[in-house]
Amino acid sequence: MRKLFMNNNYAKIISCYAADTAGVCSALFELGGMTIVHDASGCNSTYATHDEPRWFNAESMVYISALTELDMVCGNDDKFIDDVVRSAVTLQPEFIALCNSPIPLMVGTDMRAVACSIEAQTNIPCFAVPTSGMEHYHVGAAKAWELLAERFLPEKAEKIIPQSVNILGATPLDFSINGNVESIVEFLKKSDYKVLASWAMNNTLEELSNSVNAEVNLVIANSGLPLAQYMYKKYNIPFVCGVPVGKSAANDLLEELAHVRQSKVNSYWSACRESCENAQCVIIGESVYSGTLAKALESELGVSCRIIDPLAGDKKLLTCGDKAVGQEKLIAGEFAQADLIVCDNMYLPIVPPGKKYIALPHEAFSGRCYHKARLNLIDKYIDWKSLICRK
Amino acid sequence: MLKSVGKKVDAEFFALPVKAAKFPQLFASELEFNAPTRGMWNIVHTGMLIPRSHQIFVCAQGCLRGVILTAAEMNAMDRMSFVTVKEGDLFDGTLESNAVEGISAILEEMSVKPQAVLVFLSCIQLFAGCDTQAIYDELQKRFPAIDFVECLMHPTMRKSGLTPDAFMRKQLYAPLRENAVADNKSINIIGNDRVTAETSELIIMLKNNGFKVKDIAACQNYDEYLSMSESFCNISYYPTAKAGNEFLCQRLRRKFLHLPLSYSFEEIAENYRILSEELNIKSDFSQAESEARRTLAEARKVIGSMPIAIDYTATLRNLSLARLLLEHDFNVKRIYSDVVIPEEKADFEWLQSHYPELLISPTLHPAMRFAVKTPGSGDEYLAIGQKAACFTGSRHLVNIVSGGGWYGFDGITQMCKAMVNAKNTLSDTEKVIQLKGWGCESCL
Numbered sequence: 001m002r003k004l005f006m007n008n009n010y011a012k013i014i015s016c017y018a019a020d021t022a023g024v025c026s027a028l029f030e031l032g033g034m035t036i037v038h039d040a041s042g043c044n045s046t047y048a049t050h051d052e053p054r055w056f057n058a059e060s061m062v063y064i065s066a067l068t069e070l071d072m073v074c075g076n077d078d079k080f081i082d083d084v085v086r087s088a089v090t091l092q093p094e095f096i097a098l099c100n101s102p103i104p105l106m107v108g109t110d111m112r113a114v115a116c117s118i119e120a121q122t123n124i125p126c127f128a129v130p131t132s133g134m135e136h137y138h139v140g141a142a143k144a145w146e147l148l149a150e151r152f153l154p155e156k157a158e159k160i161i162p163q164s165v166n167i168l169g170a171t172p173l174d175f176s177i178n179g180n181v182e183s184i185v186e187f188l189k190k191s192d193y194k195v196l197a198s199w200a201m202n203n204t205l206e207e208l209s210n211s212v213n214a215e216v217n218l219v220i221a222n223s224g225l226p227l228a229q230y231m232y233k234k235y236n237i238p239f240v241c242g243v244p245v246g247k248s249a250a251n252d253l254l255e256e257l258a259h260v261r262q263s264k265v266n267s268y269w270s271a272c273r274e275s276c277e278n279a280q281c282v283i284i285g286e287s288v289y290s291g292t293l294a295k296a297l298e299s300e301l302g303v304s305c306r307i308i309d310p311l312a313g314d315k316k317l318l319t320c321g322d323k324a325v326g327q328e329k330l331i332a333g334e335f336a337q338a339d340l341i342v343c344d345n346m347y348l349p350i351v352p353p354g355k356k357y358i359a360l361p362h363e364a365f366s367g368r369c370y371h372k373a374r375l376n377l378i379d380k381y382i383d384w385k386s387l388i389c390r391k
Numbered sequence: 392m393l394k395s396v397g398k399k400v401d402a403e404f405f406a407l408p409v410k411a412a413k414f415p416q417l418f419a420s421e422l423e424f425n426a427p428t429r430g431m432w433n434i435v436h437t438g439m440l441i442p443r444s445h446q447i448f449v450c451a452q453g454c455l456r457g458v459i460l461t462a463a464e465m466n467a468m469d470r471m472s473f474v475t476v477k478e479g480d481l482f483d484g485t486l487e488s489n490a491v492e493g494i495s496a497i498l499e500e501m502s503v504k505p506q507a508v509l510v511f512l513s514c515i516q517l518f519a520g521c522d523t524q525a526i527y528d529e530l531q532k533r534f535p536a537i538d539f540v541e542c543l544m545h546p547t548m549r550k551s552g553l554t555p556d557a558f559m560r561k562q563l564y565a566p567l568r569e570n571a572v573a574d575n576k577s578i579n580i581i582g583n584d585r586v587t588a589e590t591s592e593l594i595i596m597l598k599n600n601g602f603k604v605k606d607i608a609a610c611q612n613y614d615e616y617l618s619m620s621e622s623f624c625n626i627s628y629y630p631t632a633k634a635g636n637e638f639l640c641q642r643l644r645r646k647f648l649h650l651p652l653s654y655s656f657e658e659i660a661e662n663y664r665i666l667s668e669e670l671n672i673k674s675d676f677s678q679a680e681s682e683a684r685r686t687l688a689e690a691r692k693v694i695g696s697m698p699i700a701i702d703y704t705a706t707l708r709n710l711s712l713a714r715l716l717l718e719h720d721f722n723v724k725r726i727y728s729d730v731v732i733p734e735e736k737a738d739f740e741w742l743q744s745h746y747p748e749l750l751i752s753p754t755l756h757p758a759m760r761f762a763v764k765t766p767g768s769g770d771e772y773l774a775i776g777q778k779a780a781c782f783t784g785s786r787h788l789v790n791i792v793s794g795g796g797w798y799g800f801d802g803i804t805q806m807c808k809a810m811v812n813a814k815n816t817l818s819d820t821e822k823v824i825q826l827k828g829w830g831c832e833s834c835l
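Keeping their order, the protein sequence lines are chains A and B. For the first sequence, the numbering used here begins at 1 and goes up steadily by one. For the second sequence, the numbering used here begins at 392 and goes up steadily by one.
For the record, the hints were derived by calculation from the structure and aren't laboratory data. The beta carbon of each residue, even a glycine, is placed where N, CA and C say it ideally should be. Be careful, since some hints might not be right.
If the Cβ cut is set under 7 Å, some of the chain A residues that face chain B in the computed set are [said to hold, decoys possible]:
| no. | residue |
| --- | --- |
| 1 | Ala18 |
| 2 | Ala19 |
| 3 | Ser41 |
| 4 | Thr46 |
| 5 | His50 |
| 6 | Ala66 |
| 7 | Thr68 |
| 8 | Glu69 |
| 9 | Pro102 |
Anything over 10 Å on all C-beta distances counts as not near chain A; from chain B, calculated [unchecked claim]:
| no. | residue |
| --- | --- |
| 10 | Thr523 |
| 11 | Ile537 |
| 12 | Leu670 |
| 13 | Gly695 |
| 14 | Ile732 |
| 15 | Glu748 |
Given these sequences and hints, build the entire structure.
Written out as structure tokens, the structure reads:
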């Protein structure tokens with residue numbers, strides 16, 4: 001075999017992010033539905049072990065179809081449909097969400113037709129979330145919430161509730177269950193906001209339907225952005241992208257929320273930064289959180305920051321100087337140019353020796369490996385210097 | 392405390408009295424639930440048994456995630472790498488070249504090359520008709536000093552041919568050399584996750600007869616591992632190790648012995664009869680047998696009528712174990728199993744005729760989502776296996792997987808001692824059953 005070309009889609013030592021199927025399961029986990037990944041095995045165990053810290057303590061119906069080679073080769077969709085129907089009739093979920101893994105994707109399983117058939121037989125709302133098992137988690141979560149909104153949100157708002165807000169983009173993949181989302185809710189409440197819904201942690205499906213009456217949406221992760229855009233288009237609810245990290249950024253975010261409520265103009269606030277290619281600090285991770293973190297570091301520590309988005313999120317969440325880079329070798333190159341690196345612990349093997357770093361575990365990357373080191377930086381005075389280590 | 396986010400369903404409804412169950416598939420194939428028990432080894436744990444080896448997975452992101460974090464949790468990321476397959480790769484004819492170039496790049500970046508590289512391809516390459524042999528041939532050509540081991544993560548094919556687990560146990564020995572000279576005083580134990588307990592009469596008998604006993608789980612370096620090529624006889628006893636052992640013996644032209652793991656006094660004795668005949672040795676196991684009988688009686692006294700639940704993760708011969716305990720007046724109330732393996736057919740039929748009302752529960756059935764109990768809510772049970780603890784809510788846990796490395800009469804003795812210990816102590820089950828790869832290092 002002749003050497004044809006370079007393949008950069010490899011990693012020698014770092015981890016990989018959770019996949020789109022996990023994003024779907026995580027996004028819908030608490031809503032009383034039934035989520036089924038059309039997969040042989042593995043997807044469910046991976047999700048339940050590494051991507052879902054709620055698995056042991058919450059009775060959520062997330063399953064795999066346990067497909068086999070024979071079913072796939074022979075196009076035996078009936079078994080899949082019958083199995084879902086049988087379980088749904090017994091377990092009576094609020095809705096059924098189906099998602100594809102690589103093999104049914106390859107053989108061209110018509111998941112939308114499968115969903116129609118299941119819905120017709122069960123009278124339970126059923127939809128297919130277009131996944132492949134080959135995209136990042138936020139893509140799956142975003143699609144799941146959009147489809148859910150299309151199916152379950154009322155056509156129109158009843159009455160806009162003054163000073164009300166929804167939180168969009170809450171999953172443990174980005175905000176592990178160490179009080180982050182609760183702190184965001186608390187922060188908004190103490191700032192006189194009424195939090196109508198959090199998509200989708202600590203709320204029921206019924207509570208989410210109240211979202212349409214909000215004055216503004218707060219997008220806390222890129223997974224929430226497509227839903228925010230949908231709600232803006234359909235209900236004219238403007239949004240702000242940002243997370244109340246630290247004190248100064250949290251206060252600025254409040255101001256931006258107030259401004260957007262007035263102006264009704266969407267704000268990619270976390271990306272409204274001065275960023276340059278030779279910034280002292282590189283932050284790698286989900287773009288809304290990282291962007292806010294950059295603001296916090298700039299104002300509280302006085303360092304210039306830029307972001308590396310390894311998840312290929314929406315480019316509007318980046319600013320000039322930021323980069324969308326996902327390959328280990330290229331990321332290592334970016335790290336080599338920085339004085340300070342803020343990253344998940346599983347990036348540390350490619351942080352050059354002698355560099356300063358802040359390790360912030362991110363569930364979507366390192367799973368449960370660093371649960372003991374998780375931080376909740378929401379609306380807190382942060383002693384940044386105490387977080388800085390040297391490799 | 393379990394938080395309900397769906398409708399409550401009584402999972403008990405799906406349990407079957409053993410008399411109503413059918414061999415081998417006890418419950419119809421359905422959607423599958425994944426119980427939060429993580430002790431069972433997966434292909435990553437097993438592959439790591441080859442000393443100084445490195446694993447490279449070539450598959451889709453969703454499939455990579457679990458294996459990468461398996462390695463991470465066992466503090467072995469320095470032995471794990473991956474090449475991602477993207478959707479476009481499936482259709483543009485680059486599956487082979489992407490794999491070769493990605494793996495080559497990883498290896499070229501290593502200052503010290505591993506002696507063996509386990510290359511894991513997956514369902515998608517097989518479905519796409521990828522020329523997998525071309526990948527291995529090219530890699531071998533580029534890196535002649537490395538042993539490339541053909542491995543698969545192919546759960547879609549789990550019901551066609553060898554299961555991924557059995558296949559992995561076969562490939563564990565692929566680098567062993569065919570041209571090694573046979574050593575008539577050296578014997579391998581094949582296909583286990585952990586070394587067989589030194590207290591086992593099997594090991595004692597082999598050693599007392601002058602044999603050196605080798606096991607991959609005890610090998611400290613690659614040369615020691617390769618020296619397993621020399622053993623004249625390979626013994627397996629775990630059900631999923633048999634096929635691999637058979638293949639290995641044919642390839643290396645060695646004596647094949649499969650002495651099934653069992654909890655039956657008769658079957659164990661028969662195993663030793665075969666062993667002594669095949670190796671022409673005297674097998675003296677009377678002391679081990681008496682000890683097993685004594686410990687069993689003692690355990691019965693301590694445990695009394697405490698209800699016992701057994702699952703298949705503790706030992707694949709869980710029905711054999713249930714039979715032993717029932718024959719000795721233990722109060723076995725519940726078995727958690729989805730299928731009956733062929734080795735268990737006789738035990739299954741015995742249970743059907745002697746204890747027809749004994750309940751068998753599935754572990755994968757969708758309703759089992761609602762059967763996960765709060766730890767401590769079922770402490771009246773003695774749970775043998777992590778799934779038994781998970782579904783009964785008992786903290787009286789015999790925390791082993793895959794037989795625990797216990798074998799023979801000593802296996803019964805060790806099991807009884809562990810049961811007595813479990814009766815007298817409470818485990819932090821929520822924590823221990825969620826640790827991945829029982830017996831492996833864990834960063835959690």
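If you take the shortest Cβ to Cβ gap from alanine 66(A) to chain B, is it below 7 Å?
holds (5 Å)
Holds or violated: is the Cβ of glutamate 748(B) farther than 10 Å from all Cβ atoms of chain A?
Check passes; 24 Å lies beyond 10 Å.
Would you assess whether leucine 670(B), listed as outside the interface, keeps its beta-carbon beyond 10 Å of every beta-carbon in chain A?
Holds: least Cβ distance 39 Å, greater than 10 Å.
Minimum Cβ distance from isoleucine 537(B) to chain A greater than 10 Å, as the annotation requires:
Answer for isoleucine 537(B): holds, closest chain A Cβ roughly 15 Å.
May I ask you to check that isoleucine 732(B) keeps its beta-carbon over 10 Å from the closest beta-carbon of chain A?
Given a closest Cβ separation of 17 Å, the condition holds.
The output says glycine 695(B) does not contact chain A. Does that hold with a beta carbon cutoff of 10 Å?
Holds, since 31 Å exceeds 10 Å.
Per-residue hint verdict: histidine 50(A), partner chain B, C-beta under 7 Å
holds (5 Å)
Mind checking the CB of threonine 68(A) against every CB in chain B and telling me if the closest is under 7 Å?
holds (5 Å)
Report holds if the minimum CB distance from threonine 523(B) to chain A is greater than 10 Å, and violated otherwise.
Its Cβ never comes within 10 Å of chain A, the nearest being 13 Å, so this holds.
Hint check: 7 Å Cβ-Cβ cutoff, serine 41(A) to chain B
holds (4 Å)
Status of the hint placing threonine 46(A) at chain B (closest C-beta pair under 7 Å)
holds (3 Å)
With chain B as the partner, please determine if alanine 18(A) meets the hint condition of a C-beta pair closer than 7 Å.
Hint holds; alanine 18(A) Cβ to chain B Cβ min 6 Å, cut 7 Å.
Checked against the numbered hints listed earlier, the structure breaks none of them; every hint is satisfied.
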